[in-house]
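Asker: Protein chains in written order, with the numbering used here: chain A, 233 to 434; chain B, 233 to 434.
It should be emphasised that the hints constitute simulated quantities derived from the structure, not laboratory data. Glycine is no exception: its CB is placed at the ideal position from the N, C-alpha and C atoms.
Chain A regions said to be covered by chain B (calculated; three or more residues, Cβ under 8 Å):
hint, region
1, 293–299
2, 322–331
Part of the chain A face toward chain B, derived, beta carbon under 10 Å:
hint, residue
3, A304
4, H307
5, D313
Protein chains: 2
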Amino acid sequence: MIILYGSPLSGNTHKVRMALAFLGLPRDERLTDAAARQSGAFAALTPMRQIPLFVDDGFALRDSQAILALLAARHRPGEWDGHTPEERGAIMLWLSHAANEIANGPATLRLARKFGLAIPEDHAAAVTARILPVVEAHLERRDWLAGDRLTIADLAASPYLALIGDAGIDLAGWPAIHAWTRRIAALPAFPEMPGWPAEGVI
Amino acid sequence: MIILYGSPLSGNTHKVRMALAFLGLPRDERLTDAAARQSGAFAALTPMRQIPLFVDDGFALRDSQAILALLAARHRPGEWDGHTPEERGAIMLWLSHAANEIANGPATLRLARKFGLAIPEDHAAAVTARILPVVEAHLERRDWLAGDRLTIADLAASPYLALIGDAGIDLAGWPAIHAWTRRIAALPAFPEMPGWPAEGVI
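Could you build all of it, start to finish, from the sequences and the hints given here?
Answerer: Written out as structure tokens, the structure is:
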């Protein structure tokens, strides 16, 4: 059984939760709050003490993008991680944006504005302002970030964009991003999270 | 012919330069300085106006990690990007660290301290202090970041760690990282860059 250390409100956890739900894989999800992350037992599993952490039969892997890459290669090779080198590169681009601009922009702004963490907002707001128009323009011309179907690019990039309301930004102001997050939320087996409800067929 | 828009002092450009050199692929490297990046012609190629930018027969791809993923899938599938799902995940972990912690830590600190960009140093210093011990501990037990050979994990993560002297940090204080950057610099066809010289056989 796959063990997923995470939190219901964590967008990074949700990336993996979506992948496991779409794959139909059972998971033992273990709530790992701030206190649990500071424990020595958790640090022994993952040196940066971050969630999500994926453990499967003794193999542990941190970083949401890395876990998505593992699951894609195991269960949806090609379909989820690229049939061609060009697709592989296009998907990796969005994994980079998820790891950098989306994490340090919208996700960080959400931590400050929704959860009240003492984080300077200026940098996060500037990164958010830089990445949103790039994603919006990209999605104006297509349904999915890379290729013609859902890939791990969409799984990695979508949660913190779906949740930008938590960061004080109206998702309705970004219609192509909004439509794409609803498209994902309409997929069979989509797992809801607070702030990102499932959709009927759209 | 592959066109690589970049700069001799850019560690991100160097990731791709190393890959092309190790693959023995000719490149038309076009110096793209700050002024060139602001041109409309460059913006038409890449919306974030960042280097490196890879163009091959009309196919353009930004983001150094994405370009490495493309080149690995094309020319060294398995060897450079993972033979197994577990290796694929382990490599992706370091691509995430390269895109996030290494970019926002040592690379940003270098921009501030070597090139005098007006960037607040506190956040970059904190990220650097967090990631360096993780990399050092990982490399104390192994020669390469993932698997038993050079992969795109090493290409993505190494330049800004090899160049931490430019960020005001003594690489000699991190002996496992230092040995690893010298191991890469001793590979046949390693392209030198200012601050990271080639090594004889070590």
